[in-house]
Amino acid sequence: MDFSLSFTSLEAISPLLAAGGLNPDEIPGLGWFTNSLFVAIFVTVAILLFTRMATRRMEMVPGKKQNLVEFVVEFLYGQVEAVVGEKVAPKVFPLLCTIFVFVLICNWSGLLPGVGTAGIAYDEGEMAAPLTIKAEGKMTPILRPPSADLNFTLALAAVFMIVWAWVTIREVGVMGFIDHTFGVKGGVEGLIKWLLVPIFILVGVIELISIASRPVSLSLRLFGNVYAGETLLASMMALGKSLGLTGIWAFISSVLLPLPFYFLEILVGILQATVFSLLCAIFVKLSTTHDEAH
Amino acid sequence: MQVVTDIFTMFGFKLAPFIAQIIIILVVYFILSKYAFGPVMAMLEERRKRIAEGEANLTQIDEKLASAEAKVQEMLDQANKDAERIIGEARESADSFREQKTQAAVAEAQQIVAKAQEATKLEHERVMGELKRDFGRLVIGATSKVSGKILDDGDQKRINDEVAGQVSL
Chain A
0 MDFSLSFTSL
10 EAISPLLAAG
20 GLNPDEIPGL
30 GWFTNSLFVA
40 IFVTVAILLF
50 TRMATRRMEM
60 VPGKKQNLVE
70 FVVEFLYGQV
80 EAVVGEKVAP
90 KVFPLLCTIF
100 VFVLICNWSG
110 LLPGVGTAGI
120 AYDEGEMAAP
130 LTIKAEGKMT
140 PILRPPSADL
150 NFTLALAAVF
160 MIVWAWVTIR
170 EVGVMGFIDH
180 TFGVKGGVEG
190 LIKWLLVPIF
200 ILVGVIELIS
210 IASRPVSLSL
220 RLFGNVYAGE
230 TLLASMMALG
240 KSLGLTGIWA
250 FISSVLLPLP
260 FYFLEILVGI
270 LQATVFSLLC
280 AIFVKLSTTH
290 DEAH
Chain B
0 MQVVTDIFTM
10 FGFKLAPFIA
20 QIIIILVVYF
30 ILSKYAFGPV
40 MAMLEERRKR
50 IAEGEANLTQ
60 IDEKLASAEA
70 KVQEMLDQAN
80 KDAERIIGEA
90 RESADSFREQ
100 KTQAAVAEAQ
110 QIVAKAQEAT
120 KLEHERVMGE
130 LKRDFGRLVI
140 GATSKVSGKI
150 LDDGDQKRIN
160 DEVAGQVSL
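First to last, the protein sequences are chains A and B.
Okay, so the first sequence: first residue is 0 according to numbering that gives the first Met the number 0, each after it adds one.
Okay, so the second sequence: first residue is 0 according to numbering that gives the first Met the number 0, each after it adds one.
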């Protein structure tokens, strides 16, 4: 399969691609343990430490950290409740909030210095430098933002789909789900209802395909956006050098040119975390809403 | 399906990192549920309860305050009524006392006046008696000088009685 731009192929611009390419790189000597897994674990530990610090001694009059955590949780709960409803919110809120917080921090982790830019340089298959930010040939980054790895985004989508199925079955039951998907809607009765049955069965099949494609669309959207952002930043960093600048000018351009895009990526990080969790909430809402006819 | 698999493979899907990422997500889910959502939601619920209790207490306090104010007003009204009654009674009592005292004073004054009148009368009678007696002596003296006769006790007594009988002051 050939991904081509208007003037060149994907392979031709591969040196500009961030984080060493589309695939996450395995850290040498650690088998399948990839650089994005390393960052994901780092983010997990950071979340653990912060939440423990913030909620270890909960007080009626909160301190700064507790106040921040309470604000985030209360705000997100309000948003989730507004979408999925009062009854389902307590069941799906922990997962949706986890998704939002984890995705947000993972997205922003790509903006930390060294993430995606510092790595091991290889020259014609041989290790040229164990830790560098400059490489003429291939470089394996030591750190890669987890959301720029399809394995992470797909894992998120998979976990969500399992919880979605569980919540849906608990709320409407198996027969309820089948009826919700294939049943004739609109409250029509009599002969017209039976005439509409084949059409709604077809609609149900399309709905099933739509449901099956949700993890694909969710994971690829997040992965594509974050990876594109990483690529954009890497491209801006290398732009001065590509234009023939050398020495101090190349360094200054590598600092100044990506700067506006860092702010853009901060917004994109929030936006993509919101989109992912909001879509998840909407999917829950769609499948747990009881038809008026019932 | 093959297309999807190809796309995933091309974009770096591998089973081992995928499963590892699922485990990490579940760990984060567990951490946040245990250390963030659970305690925070419990705290928010506790705070909501406290606020509800506070509001309920506030309503109770307002009601008690209103009741106390009504009671105070009632007591004030009652006190005012009692005060007015006591003042009225005091005023009546004072009026009565004053009347009594006035009557007593009037009676005393009348007594004094009567005594004075009686004393005056007695004094008048005494003075009149003396005057009669002096006048009698004058008449006796004048009679004795005019007649050149020494009047005995019987003459003096008769002249005195006649003078006293004729002189009326």
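Any given hint could be a false lead.
Stated by the list, open to error - Away from chain A, derived, C-beta distances all over 12 Å, residues of chain B:
| id | residue |
| --- | --- |
| 1 | Thr8 |
| 2 | Lys13 |
| 3 | Ser32 |
| 4 | Ala41 |
| 5 | Lys120 |
Claimed, not checked - Label-pair distances were calculated between CB atoms; the ranges are:
| id | chain 1 | residue 1 | chain 2 | residue 2 | range |
| --- | --- | --- | --- | --- | --- |
| 6 | A | Lys64 | B | Ala55 | 29 to 35 Å |
| 7 | A | Lys64 | B | Ser32 | 16 to 22 Å |
| 8 | B | Ala55 | A | Phe32 | 55 to 61 Å |
Hints were generated in silico from the structure; no laboratory data involved.
Glycine is no exception: its CB is placed at the ideal position from the N, C-alpha and C atoms.
Taking the hints in turn, this is what the structure says about them:
{"no.": "1", "hint": "Thr8", "result": "violated, 9 Å"}
{"no.": "2", "hint": "Lys13", "result": "violated, 6 Å"}
{"no.": "3", "hint": "Ser32", "result": "violated, 5 Å"}
{"no.": "4", "hint": "Ala41", "result": "violated, 8 Å"}
{"no.": "5", "hint": "Lys120", "result": "holds, 104 Å"}
{"no.": "6", "hint": "A/Lys64 - B/Ala55: 29 to 35 Å", "result": "holds, 31 Å"}
{"no.": "7", "hint": "A/Lys64 - B/Ser32: 16 to 22 Å", "result": "holds, 18 Å"}
{"no.": "8", "hint": "B/Ala55 - A/Phe32: 55 to 61 Å", "result": "holds, 57 Å"}
Violation of the numbered hints given earlier is confined to hints 1, 2, 3, 4; the remaining hints are satisfied by the structure.
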